[in-house]
Every structure is written in C-alpha cells, then in structure tokens.
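Asker: Residues per chain, in single letters:
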Amino acid sequence: MEQRSDTFLDNASEALKNVEQAKRRDIIATFAPLMRSAAIEGFDEFDTLRQHVKRVREHALDHLEYYLGQFEQQAVQNGNHVHFARNSDEFNSVVLDICQQHDARRVAKGKSMVTEETGLNSFLQRAGLEVMETDLGEYIIQRAGETPSHIVAPALHKSAGEIRALFQSTHDLGARDLPETVDLVAEAREVLREHFLKAEVGIIGANALVAENGYSMLVTNEGNGDLCANLPRVLIVCTTIDRVLPLAQDATAMLRLLVRSATGQAQTCYTSFYSGPRRDSDVDGPIETHFVLLDNKRSDILDSDYREMLECIRCGACLNHCPIYSSVGGHAYGWVYPGPMGSILTPLLTSLEQSHALPNACTSCGRCAEVCPADIPLPDLLRDLRHEENSRKLSAGRWRLGIKLHGWLARHPKLYQLSTAIAIHTLHLFGRKRGSYSSLPMASGWTSQRDFPAPQGKTFMQQYKARLKRLAEQRNEH
Amino acid sequence: MSTSARSEIFARLREISRKASAERIHQDRQALGSAPVPTPPAAEMCEAFLANVLKNQGSVDCVANRTEAVAAIGHYIYSHFRSHRLVAGNDPRLAAMPWRDAGVLPRFGRLEVGEPVALSFAQLGVVETGAVLTWTGKSNPAANNLLPEHHMVLVDTADLVPDMEHAWGRIKQELESNGRPRGINFIAGPSSTADIEGQLVYGAHGPRKWHVILMGKIPAEALSRARAIAAP
Ligand code: SF4
Chain A
1 MEQRSDTFLD NASEALKNVE QAKRRDIIAT FAPLMRSAAI EGFDEFDTLR
51 QHVKRVREHA LDHLEYYLGQ FEQQAVQNGN HVHFARNSDE FNSVVLDICQ
101 QHDARRVAKG KSMVTEETGL NSFLQRAGLE VMETDLGEYI IQRAGETPSH
151 IVAPALHKSA GEIRALFQST HDLGARDLPE TVDLVAEARE VLREHFLKAE
201 VGIIGANALV AENGYSMLVT NEGNGDLCAN LPRVLIVCTT IDRVLPLAQD
251 ATAMLRLLVR SATGQAQTCY TSFYSGPRRD SDVDGPIETH FVLLDNKRSD
301 ILDSDYREML ECIRCGACLN HCPIYSSVGG HAYGWVYPGP MGSILTPLLT
351 SLEQSHALPN ACTSCGRCAE VCPADIPLPD LLRDLRHEEN SRKLSAGRWR
401 LGIKLHGWLA RHPKLYQLST AIAIHTLHLF GRKRGSYSSL PMASGWTSQR
451 DFPAPQGKTF MQQYKARLKR LAEQRNEH
Chain B
479 MSTSARSEIF ARLREISRKA SAERIHQDRQ ALGSAPVPTP PAAEMCEAFL
529 ANVLKNQGSV DCVANRTEAV AAIGHYIYSH FRSHRLVAGN DPRLAAMPWR
579 DAGVLPRFGR LEVGEPVALS FAQLGVVETG AVLTWTGKSN PAANNLLPEH
629 HMVLVDTADL VPDMEHAWGR IKQELESNGR PRGINFIAGP SSTADIEGQL
679 VYGAHGPRKW HVILMGKIPA EALSRARAIA AP
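Protein chains in written order, with our numbering: chain A, 1 to 478; chain B, 479 to 710.
One chain only, chain B, in its complex shape (with noise of 0.2 Å):
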C-alpha cells in the first residue's frame, strides 16, 4: 500500500472531521440512543419466531427435548433423501444427542462436495427477523451452512432473543469471552434470487431448502397459530 494514500486521506479527514475527544465521541454516540424496533407478528416468542421463519421460507418442527429433535431430524433426511446420514459441525452440544435411539449417522466436520445436507445447532435464534444464527469455529464451519442442498439448523428455546440489538448483547458476550469469531452469520432463509425477471427462485448459489427445528417448551398452539399469521 502506499503510505501517503493513508496519511492524506486521514489529513483531508482531519481537517474536515469535528474536532472532539474520543471520549467525548463515544458519549455523544450513547446520546444518540437505540433504534425502535419493528413489532413482532405475536405477542408470545415462539409463535412469533416461528411465523418468521415460515415468512421466510423455512420450513419448520416443534421438538420438546433432543430425543424428538433426533427423531425428527432423521424422519426429515429420510423423507428427503432416503437416508440417515448427516453432516454436522464438532458441536459439543450435538456431539451428545441420542442418535442412535432415531437412527441417524452423523459425521461430525465440515461438509464436503457432493453431501446434500448439513445440521446446525444455532447460537441464537432472532425473532424479530426469523433468523438463525451461527458463528463460525469448529462446532460450525462456513462451508455447512453454504454448500448443502438443504440445511438444517437446531434452536434451542432458551436461545431465543426478541430483537437484533439483544442478539448483539449476547453475541459481545461471547466476543469478550472467546475472542471474535471469523464469521457471524445470520440465516434467514434458503438461499434465493430474483435477478431474472423478477422471478423468486430458492437454490441460487446456497441451500435450496432452509429447515428449522425449534426445540424445548413451546406452547401448543404456537405452530398453528404460526402458520395462519404466515399464510398469505
């Protein structure tokens, strides 16, 4: 790089910028307050959460603990693929699902070229946007959330959070604890384009399919009611 490029640009900068202490810029930055939030589809998180992610075109189970989650993930593969494998990444958390009592062969890494799908356990689950989130490392490598034909992705009730400015206080936490991770991605839908005559197509470069399986206490009605507030 050429070392005058920076030194003018930051010069010009200076001269334009107002002048104030750092300390003084990060008070005024606090002054400026947070953003409003737009309001959930339902009162009650899971509900609302759920209707997200249909809106975004997942689709999506309700488990109440990890021996349904393990039935339900293998019912999925096999209805898709007629098979019980599976790709997930060498997350502690998945590492302890019971799955051999559903019949599931997971291989735990990251997803190689040709294995159509993969499994996610998120780190969050946004519900104002419907998004999953996962950050990358070795219980998540890029490439499973990218390269699959579909991708499944485990969230845990306990890991819901209302809105994007809680999911960033959870999200500091674990910056402050292990480091920032490479990638923090969050995942709102199967991968789509529009680029041809406006046309919606899933499947453009990513997942075709997006399938989310939310797990713990989650009241009963909360799919139901999910799906009416998605309809269109």
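Bound-form chain A, shown alone (with noise of 0.2 Å):
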C-alpha cells in the first residue's frame, strides 16, 4: 500500500476539517470502550488470563524457529502447501502463481491486515484477476477505491448514506431506495454471495496458527471468511511467521482477550479452525489448500527492543481508546496500520524515515497500555521511537534543539525552579486580570486552539517546599 506517513500533520488537519466524520469518531470512541469494559465487567480474572496469554505469547516467540518449524510440519502432514516469504514482493508473487496454475479468474478474499501491508489485491488485479473483498466494511471500501480507516471496523469513517449512493452508482441492479441499513446489507450479501459461488480461489487471513496439530485459526461475525475457505476450489491462508502459537487451548484463550477487546462480545459467531483440503469423507472445502507466511522484518522486530510488539492481536483497543486516533482518525496515520499499535509498527515495518511523525501522535496518556489484551508497553515504545527519531536527527532541528535545552534545563534543578518561577511569576502578573492568554510566543500552535490559564503565581516546587517548610514548623511546635 501507497505510504504517507509523511505527511501526518497535514493529514491530520485535512482530517479535522471534515465535520461529518469527526462527529462519527466521536460516537465511536465513546461508545467502543463502553463496549469493552461492559464485555470484561464480571470477568475478575481477566488481567490473570492477559498475564498468562502473554507468557504464552513470550515463550512462544523465544521459540519461534522451533514452533513454526513444528507448525510447518504438521501443516505439510495434513495436506496443505506451506510457503514462505521474505517480502511483499516475494509474497504476492506466491499468491499470484497459485492463482495462474489453477487459471483462476475470481479470487473472493476475506479480511486481512497483511495482504493490506503487501498490497495483494492491486498485484493481483494488474495481473488480471477479478478480486473481491468480502468482508462487508472492506468490500464497502474496496468499492469507493478507499483504505481502512479502522483494523477491526475498515469503513466505519462512511455514513449510511454514502455507502447507499456508492451501491446504487455501483451495483447495476436498476432502481431502488434502499432505505435502511438492512437493505445495504442484504444488497452486499446478494451481491456477494454470487461472487462466491463463482470464485476458483478464497484467501484468508489466520488470528493464530496452532503448531501442535496445523490448524490455523479465523474469527469473523459475518462468516465471509468461511465462505471463502470453503466455497472455492483453492484455498489460501495469508499470514506472518508471528501468528504460532504452541497449543489449540492456547489460541481459545487468546481469543477470549481478542473478542472482548475488539467488538465488546464474549464471543463472535464463527469462530473457525481449518487443517487442509478436502478428505475423503468430505462432501465440500477446497481440494488444494496453501500458507502463505510472511516475514517482512518480523524477525528484526524479533530480534529488536521492539518485539513486546508481535505480541499484538490487532483487537483495536488501543485505537478505540486514542484521543489521537479518535480525533484524526486512521487515515491521517498514511498507512494500513493506525493508532497507537500503527504508530510503533509503521516505523518498524515500513521505516523511520518515513514515519517518524507517527510516534510523535502520543499525548502519553496511556489509555492504550491500559487497555491492551497484550500487555504491551505502547507508550513506552513510542517514547524510544521519539528517542530514536531525535537522535537520528529525523526531526526538525529547531524541535532537537528544543529538546536538548530543555533537557539540559532539566539536569539544573536550581536553574530550572529559579527561571520556572521567574516565568510563571510573569504570566500570573500580566494575565492576572483576564485570567488567560488567547496568545502565547513559542506557543502559538496551543494557543491556536485554547486559551492558556494565567498561572496562580506560584510554581508546583514553590508550592511543595512551602509546605514541607509549615508541616516541619507544625512539628516543632509539637
């Protein structure tokens, strides 16, 4: 996928210009982590299970040659083709060969963040292929020749409407109203479930993949996935050499963090396990079943300071609960992924360079870290991106040496109490009557947006050693 992540500012501004989609992010981010707490409430023992998924998770990855050689094998035993790739590039080549060996025309592709990072469906449509999202926000989106703004809900920044007059400029079905939600549904549905029954080919995405036995794992609500690993005559599951995980039990127990998190349910309506092709006893599924495992710098993030990071289970949490995203929303991020998790893995897996504005979308609140089923520092790996972003020099120069006076400011405490109070004391004289400034020097991109309160007249540290000061008198008289 096209990046631009370069232009996050600009981004984000154009953003918050469009009045109808800030107000929808405002009702998501309300209403998302009502959603989530209400799914965990009763479940005391919910940070238990994160702390043990993680652990899971952690030995896991320290074995990561072990268990996907483990989980390689076993995939090789029930039947499946297991390919690997290094890259993108490398990646889609995999996909598009078996599709041409089976001269397939129609590829009916349920959702998957990684083939959005390789950019598949571009690839394979340039080589001919008539390909077709199927999950309902990202069939929607693939439709308006959009990307998602979202990792769990792809379309959710288009209102009704717009979707309506997307399928009637789309659809060739005549005229109709479709006047309510319900009829857009049914009218994808209908649309789609032809597409189905004529793809030669389903791609799916996997949440887990199970070394002990090769089952590979997919949770949807819509059941487009399962159409696709079952309708087509060639299946082929699309994901990266992170996804192992040792036991069956061990990718259920994910999953009882990953629903609650992502859509606030105790459980979605399909939740599947596929091991191959076709047996002898089957009467349907696909005759020839692939994986396509992606590395694409997994293994540096692997071998980095960054690699809490492969323990994500793309639930969406951290975006849901992001003032950031929740004021920008996902594409000002310039890239598949958005938000909080977006931030650290754009850099990491596309580059610093590129990037390096995202880490700087943090108002280290930590909601994020707070919320997530993985137990990942978020906040802190954004922290060493912005530690590595300035001592790279990737930012502008004025901000490093904003950042090297303030820090050496820092090291000075005396020098810092003295000319903190000098500068507070200032503000307090001359806001003193309007009680804020509507304009500030060096800060006027704050005060663009707010006014700035008139400080009281005192520091924090004046207020604090006054104190200490009366409570150590108070002593004395005792």
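Note that these hints are calculated values from the structure, not bench results. Glycine residues also receive a C-beta, built at the ideal position from the N, C-alpha and C atoms. Heads up, some of the hints might be wrong.
If you want the footprint, here are the derived chain B segments under chain A, 3+ residues with CB under 8 Å [to be verified]: (1) 635-646; (2) 675-683; (3) 699-709.
Could you fit the two chains together into a complex? Lean on the hints.
Answerer: What follows is the structure, encoded as structure tokens:
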C-alpha cells in the first residue's frame, strides 16, 4: 500500500475539517470503550488471563524457530502446501502463482491486514484477476477505492448515506431506494453470494496458527471468511510467521481476550479452525490449500527492543481508546495500521524516515497500555521511537535544539526552578486581570485552538517547599 | 516457493531463538499451565448454556427426547417456511430420528443453493461461550452451516462441556481416533455485521437466524431462568 505517513500533520489537519466524519469518530470513541468495559465486567480474572496469554506468547516467540517448524511439519502432514516469503514482493508473487496454476479468474477474499500491508489486491488485479473483498466493511471501501480507517471496522468513517449512494452507483441493479441499513446489508449479501459461488480461489487471514496440529484459527462475525474457506476450489491462508501458538487451547485463550477487546462480545459468531484440503469423507471444501507466511521485518522486530509489538493481537482497542486516533481518524496515519499500534508498527515495518511523525502522535495519556489485551507497553515503545527519531536527527532542527535545552535545564534543578518561577510569575502578573491568554510567544500552535489559563503565581515546587516548611514548623511546635 | 526464502527465514530465527531441546520447550509450555475461564452466568450447565445462546441472539427450544425434538423441529420449519422440508447432514444420529412422527421430510446431504433451512447435530455445546461445535465431514457439510437462511442445531445435554479447554479435550480424542477434520467450527449466533455506522444487522453472509434445540434431561426452570439472565 502506498504510504503517506510523512505528511501526518497535514493529513490530520485535513481530517479535522471533515465535521461529519469527526462526529462519527466521537461516537465510536464514546461507545467502543463502554462496550469493552461491559464485556470484561464480571470477568474477575481478565488480568490474570492477560498475563497468562502474554507468557505463552513470549514463550512462543522465544522459541519461534521451533514452533514455526512444528507448525510447518504438521500443516504439510495435513495436506497443505506451505510457502514462506521474506517481503511483500515475494509474498504477492507466491499468491499470484497459485492463482495462475489454477487458471483462476475470480478471487473471494476475507479480511486480512497482512494482504493490505503487501498490497496484494492491486497486484492480483494488475495480473487480470477479479479480486473481491467479502468482509462488508472491506467490500465498501474497496468499491469506494479507499483504504481501511480502522483495523477491525474498516469502513466506519463512511455514513450510511454515502454507502447507499455508492451501492446505487456501482451495483447494476436498477432503480431502488435502499432506505435502511438492513437493505444495504441485504444487497451486499446478494452481490457477494454470487461471487462466492463463482470464485475459484478463496483467500483468508489467520488470527493464530496452532503448532501442535497445524490448524489455523479464523475469527469473524459475518461468516464471510468461512465462505471463502469452504466454497472455492483453492484456499490460500495468508499470515505472518509470528502468529504461531504452541497449543490449540492457547488460541482459544487468546480469543477470550481478543473478542472482548475488539467488539465487546464474549464470543464472535464464527470461530473456525482449518487444517487443509477436503478429506475423503468430505462432501465439500477446497481441494487444494496453501499457507503463505510472510516475514517482512518481523524477524528484525523479534531481534530488537520492540519485540513485544509482535504480541499484538490486532484487536483495535488501542485505537478506540486513543484521543489522537479518535480526533484525526485512521487515514491520517497514512498507511495500513493506524492509532497507537500503527504508530509503532509503521516505522518498524516501513522506515522511521518515512513515518517519524507517527510516534509523536501521542499525548502519553497511557490509556492504550491500560486496555491493551496483549499488555504491550505502547507509550514506552512510542517514546523509544521518539528517542530514536531524535538521535537519528530525523526531526526538525529547532525541535531537537528545544529538547536539548530542556534536557540541559532539567538536569540543573536550581536553574530550572528559578527560570520557571520567573516565567510563571510574569505570566501571572500580566494575565491576572483577564485570567487567561489567547496567544503566547512560542506556543501559538497551542493557543490557536484554546486559551492558556493564567498561572496563580507560584510554581509547583515553590508551593511544595512552602508546604514542607509549614509541616516542619508544626512538628517543632508539638 | 523460493526455498531460499524458507531457509533464510529459518536461519535468522535460529540465530534469534532461545536454544533448547524440544522436550525442554514442551516442559516450559506445560509449566505455564492453562488460562483462567470466565465465571458462567449460572451454576447449572443447561441454564448457563441456554443463557449464553440467547445472549448470542440465538433462539432456543428445550426438549426431553428425540420424539419431542422432531416435533419441535417440524413446528419451527412450518411456522417459518410453511413447509416440512429440511436438509440435514448424513449424520447417523439424525438418520435415526423418528421424522415421520412429526411429518418432517428431511433430505440428507449438502444444502443446495436456494434451500432455506439446514439442521446440524452438534458434536458439542460449549457452556462458556454459548457456541455449538460441528466439524466438517459426511455428517456435516460446511455449506449446511453457512448457506441456509436459518441454521438449526440440535445439542444433546450429554455433549455440553463447561469451557473451551474441555472442548479441546473432547476434540483431541476425535483427532486421535478419526484423524483431523478439515474444519472445526464453533458457531455462536446468526451471521452478523456492524460495519455500517456500527448498527448491528443479522444475516450478513451466513444464516439470518440461528436456532438451538437442547435435548435431554433439562431442569424444569432452566429456560425461564436463562431468559431472565439474558434479558437486557
Ligand atoms: S496493540 Fe494491543 S490494544 Fe492495540 S491492537 Fe494490538 S493488542 Fe489490541
């Protein structure tokens, strides 16, 4: 996918101008956290579960060579072809080769962020294949020629009205009103059902790979992924090498975290495990099945200080709880993965040069780390990336100078306290009457959106010291 | 596939991965134990299962035996489709049901496009999630779960397991004795989507309705209690 992360600030300003979309983002940012809280309420051991799954993930990543090997061996034994790809180009070529070997013309595709990452759709389309996304959200944005704005709910930036107009103009089904959301869903169902029945190849992602038995786990509510996995002649499961878990029950333990964190449900409608091609006793199912496992810098991440990021289960909770994401939306981040997880993954999977604005899209409020079911210290990783940005001189010179000055001052507490006391006192004197400032030198970015309250006169340290002194005096009196 | 991609990835992982014998790795995983399970909504298994099925937007019937089961199935099909026809997988347990008593006309096999309702006999019902489990094979073609407008599932109370860990225990017995089925499907509700403005709609791609018939020894009050638990 084409990347526009380097213009994050401009993208964000642009996004803020779209009032309708901003309103919808506000609604999501209000409801998604409530649904998550309701889903984990009463599950007293949720945090114990989170720690258990984290230990299992860490164990699996510590022994990734072993578990990936075990998975491959089991998957081959189950009758699959297993392919590995170092990067997006290799990945896309493997998938295209499979399609071409079967003279496929139509591909039905389930939701997969990995294939967004490699730009698989456009690659296959350039080779003449008709590729149809079948997850309703993905289908909508594919029709609209857009990219996902959220990793779980890719089309939430669009209104029902926009989707209605889109369907009316792109589905050749004559005059119709489609007044309600159910009508829109029904129409998409009809159009996609036909495609499912005609497609020669189905492509799905995987939420986990199970090393002990070679099954892959697929979690959906719509059931579209299952149709992709069961109706076409050929099935290709596309995922990354880090998704392997040791045992089948590890996958369903992770599921307990994933579903509650993603949609606020206790269970999705369809949780399916697929092992390979049609067996002798089967009356349906694909006759040939493939796994394509992508590295694309995962092994680099595994070998870095950011390895915890590989434990991400793509639930989207950090997006739903992030004040920046809910203000500017997913497209502003300029690549596949938005929000806090995206601000870490994008620099790691592309380059910090192209995306160093993203780790700065953080208020350090810590909500993402609090809700992350994989217990990833997201704000710490973002800070480490900012640190790297600074030491590799990627940020603007004046920023680095400012940080340097601040760092120096912070290491000289006496001077720091003196200078802040002078500044606060001055602001107090001049702002006393109005109570706030509508503009300030060197802080115009801040004051352009809000007023700066005039300080009360004393800094925190001054008040703290005065209090200590008072307490000491009282103690002496006693 | 380029074999060099495979060998390069594995070589890299070998460098990074911790060195240990397979036996040691398995011991380490065992030592991590198993995951905590959420508390069920009721202590009694049938009641808890029914409550979770209802929460998953399923509809339910409770029956004591096979005669009552076919009657309930016949009633459901007739009230929704004014028909006595139904498609069911080639499951010997289903073949042995007294269909004629209820005037139901089952066809055993794979659902064809246009047939509106299919019946599956679940291998298990999972109390924790209110899910039913089927696996693909002669007795349950995948199309029967996915393509009908209404999917009916019969669950024997003897096949209820408390949680996913117990479900895997039972599935592993099957894998060992009969090999690995192509697909293992946990189904917990009608197909749904909230992709348009977050509004929940049923029948996204798969069944619009999901009807569970629990059969066996069920405490008298189980269903009414389950309804009270599931009520919003
Ligand atoms: S980083 Fe955590 S919260 Fe964010 S998507 Fe990944 S698992 Fe979910």
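Asker: If a hint holds in the structure, say so; if it doesn't, say that too.
Answerer: Against the structure, the hints come out as follows:
no. : hint    : verdict
1   : 635-646 : holds (count 4)
2   : 675-683 : holds (count 7)
3   : 699-709 : violated (count 0)
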